[in-house]
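K.L.:
Sequence:
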Amino acid sequence: MTTPAGNTHAPQTGQTSDTDVIGARRLQAQALLNARLLAEPDLLTPMSGAQTQQRLHELYLRQTELELEIAALRSTHAHLIQNTTQQPIDLSDIANFIAERFPSKVTYWKADLRCGYANHEVMGWFGRTQEEMLTIHLHDFLGPELFQKNIAYIQGALKGMDQQFERTLVSVNGETTHNWVQYLVHRIDGVVLGFFALVTDVTLLKRAQIALLNSEAKNRALLRAIPDLILSLQRDGTCLEVHSSMRQAMPLAASELLQRRLTAILPADVAARFMQAIEEALTSGKVQEVPYTLHAPNEEESHFAARIAPATSDTVICIVRDVSELERERRQRELLLSDRLQVSQQDLHQAQQNLSLASDAAGLGIWIRDIASDEVWASPEWRKLFGFSADEALNSARIFEHIHPADRYAILQMRLENEIHKRQKTQADMRIVLPDGQVRWVAAVSQMELDAGGKPRLSRGVAVDITATKRAALELEQKRMEVTHLARVATLGELSGALAHEMNQPLTAILSNAQAALRFLQREQPDLDEVREILQDIVEADQRAGEVIRRLRRLFGKQVNLQQHVDINALAREVQHLLHNDLINRGVTLVMEVASDNPCVLADPVQLQQVLINLIINAADASAALDENARHIVLRSSVGGDGDVLLTVSDAGSGIAPEKMEKIFTPFYTTKEHGMGLGLSICKNIVEANGGRLWCENNPDRGVSFYCRLPMCSQEAS
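Residues 18 to 735, numbered by the working numbering, are exactly what the sequence shown covers, in order.
Some hints could be false.
[Said to hold, decoys possible] In silico SDA-like cross-links for lysine to any residue, where the CA-CA straight-line distance does not exceed 20 Å:
hint: 1; residue 1: K487; residue 2: L381
hint: 2; residue 1: K303; residue 2: L451
hint: 3; residue 1: K401; residue 2: V337
[Stated by the list, open to error] Cβ pair distances, simulated, as ranges:
hint: 4; residue 1: D559; residue 2: L229; range: 38 to 48 Å
hint: 5; residue 1: L354; residue 2: A460; range: 24 to 34 Å
hint: 6; residue 1: S232; residue 2: Q430; range: 41 to 51 Å
hint: 7; residue 1: Q430; residue 2: E306; range: 13 to 23 Å
hint: 8; residue 1: L354; residue 2: S330; range: 38 to 48 Å
hint: 9; residue 1: L535; residue 2: G563; range: 15 to 25 Å
hint: 10; residue 1: R348; residue 2: E306; range: 16 to 26 Å
hint: 11; residue 1: R131; residue 2: E233; range: 42 to 52 Å
hint: 12; residue 1: S330; residue 2: D206; range: 12 to 22 Å
hint: 13; residue 1: Q165; residue 2: G563; range: 12 to 22 Å
Because the hints were derived from the structure by calculation, they are not lab data.
None of the values given here were measured: they were computed from a predicted structure.
Think of the CB as a built atom: it goes at the ideal place given N, C-alpha and C, for glycine as much as any other residue.
Please work from the sequences and hints to get the whole structure.
P.N.:
This is the structure in structure tokens:
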């Protein structure tokens with residue numbers, strides 16, 4: 018490829034004449050003039066006599082400058098000829114390699130706006146061949162409309178200034194993308210010969226930017242919809258941001274709160290509680306609540322509830338809600354409830370005592386909640402169970418503070434649904450966080466009572482401690498998940514080497530054939546028959562790689578464990594092929610001694626593959642310390658007189674110590690330095706699940722043999 022700059026190699030012999038150099042400079046000057054005429058169309062308009070004289074004077078000065086530059090170029094050219102090595106470096110191949118692999122569309126446009134180069138990204142996107150690109154004008158390439166949009170940037174590049182801007186492009190297939198375009202000026206000795214155009218796809222970035230703007234708009238709409246006062250406060254109480262739809266929550270208007278401290282806005286006692294809550298929120302990272310009351314002159318007092326949550330290391334978000342109406346309703350309900358309680362206080366006290374005695378004897382905690390007032394009565398056992406003192410006032414908010422954060426939403430949602438749908442009885446398990454940080458599991462059953470109008474009036478229930486039972490179940494489930502995960506990891510680790518080596522050969526063949534094809538195509542008269550054979554080799558290598566992947570996918574597929582008739586000899590040969598490359602790299606020879614009558618068993622073929630693979634890999638590890646000539650593994654299959662099929666994997670390693678023989682099938686026990694202790698345990702479970710038996714014995718001379726006995730299929734089943 019000729020580089021876009023038009024650079025050529027210096028000749029190895031002889032000298033370049035001054036005439037050639039001057040001719041090259043004249044071509045450059047002509048290109049510069051063409052670019053200037055394109056950038057400044059008014060140069061072609063008629064001029065007066067004075068303008069003509071001025072222009073001739075400018076051309077005379079430019080001619081003088083060019084003569085000086087030609088003289089300098091002669092000297093430089095002679096110096097380059099003198100210092101050129103016998104084998105100059107050809108940078109064109111390097112430039113072509115980089116441009117063809119550049120992740121952008123790359124073109125080069127000469128000063129006359131004719132294309133000098135285009136990489137495959139451009140040709141594929143716009144559906145043009147290399148010959149079409151090298152003869153096209155930028156106006157025809159972009160089209161009249163897009164060319165007119167880009168004319169200012171094109172003129173700027175021809176004037177020697179790099180350009181960058183954003184454009185939407187449509188491919189020949191109709192695909193539309195957002196692109197970042199750069200015009201990089203190419204100049205030599207101050208003369209602009211053309212410019213590179215780099216077009217980078219920024220569609221994903223554009224979409225992310227649009228999504229971010231939409232998200233910001235939604236957040237702003239959300240803030241406008243919240244009826245509460247929202248403040249962003251520094252640690253010292255300074256208001257950084259304010260959103261307010263109510264004025265009475267603070268003594269000042271929202272616009273007057275900015276950059277002012279709470280100590281200068283609120284009464285001293287209220288400000289002190291706010292400052293303490295801010296400090297506790299930033300220190301503990303937990304949400305703090307500040308209820309407070311404001312007294313306006315000649316107006317009824319207003320009640321507010323503020324929630325303060327940490328935002329950054331030095332700022333908090335404060336949300337203030339007007340709860341005056343709720344507070345007045347609460348006080349009214351208190352008066353009504355007090356009157357009602359006074360009527361039957363003695364009877365209620367007696368009933369509570371009886372209920373407490375019964376619940377304490379059974380280890381149950383009992384509670385009753387007045388839905389209208391949200392007041393809760395609870396037995397001593399319930400208070401102890403939930404971590405409350407004997408005389409502490411209770412309501413839903415206080416109780417929810419003791420429920421584990423991960424369970425709060427589910428319990429709250431269930432309670433709301435019960436009240437809405439008037440469900441009579443519910444049951445739930447939840448975690449309770451005690452004041453000392455201890456976590457306790459509680460099972461609770463509740464029942465709702467309705468008033469005469471069918472509205473929820475009371476809810477009552479019992480709770481019992483199920484911590485021991487829950488922890489045992491959770492620990493059992495955790496262990497089961499850990500064993501399952503480690504089993505998968507162990508199996509995958511044993512087979513990763515086989516995958517790497519199986520894929521290496523076809524991929525290497527594809528690369529070598531592709532490189533050979535490129536070399537043939539670069540000849541002046543390429544041998545198309547030879548290229549055709551090379552491409553056929555590439556197709557066959559790709560098919561081999563696909564077969565490797567399909568074979569391993571069958572092995573790892575999440576399929577139902579279904580037993581079927583399995584030809585043991587065929588299964589053994591498939592495992593031999595699967596581990597072939599891995600065993601060669603280890604320097605291990607696998608000897609197959611299979612029965613001649615093709616024994617058949619009823620089992621899961623994928624699981625039996627896993628067993629054989631684990632046993633052979635273990636044998637290869639045990640043979641690693643031996644000389645390469647002694648690294649032999651024997652895989653045998655035979656039919657016993659009792660109607661069972663026996664598979665044997667034998668190695669010539671150091672064997673297994675007698676005291677370790679009984680432990681090697683135990684989960685997490687391993688004799689390898691970096692082993693996980695799961696392979697043999699998994700193999701044993703698989704064999705036993707398929708009705709067989711797995712054991713091992715040391716060989717009489719050296720090494721160890723693993724035996725896998727499986728029941729053979731009946732003659733009728735076969």
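K.L.:
Look at each hint and say if it fits the structure.
P.N.:
We went through each hint and held it up to the structure:
no. : hint                    : verdict
1   : K487 - L381             : holds (17 Å)
2   : K303 - L451             : holds (16 Å)
3   : K401 - V337             : violated (33 Å)
4   : D559 - L229: 38 to 48 Å : holds (42 Å)
5   : L354 - A460: 24 to 34 Å : holds (29 Å)
6   : S232 - Q430: 41 to 51 Å : violated (26 Å)
7   : Q430 - E306: 13 to 23 Å : holds (21 Å)
8   : L354 - S330: 38 to 48 Å : holds (45 Å)
9   : L535 - G563: 15 to 25 Å : holds (23 Å)
10  : R348 - E306: 16 to 26 Å : holds (19 Å)
11  : R131 - E233: 42 to 52 Å : holds (46 Å)
12  : S330 - D206: 12 to 22 Å : violated (57 Å)
13  : Q165 - G563: 12 to 22 Å : violated (50 Å)
This entry does not satisfy hints 3, 6, 12, 13, going by the numbered hints stated previously.
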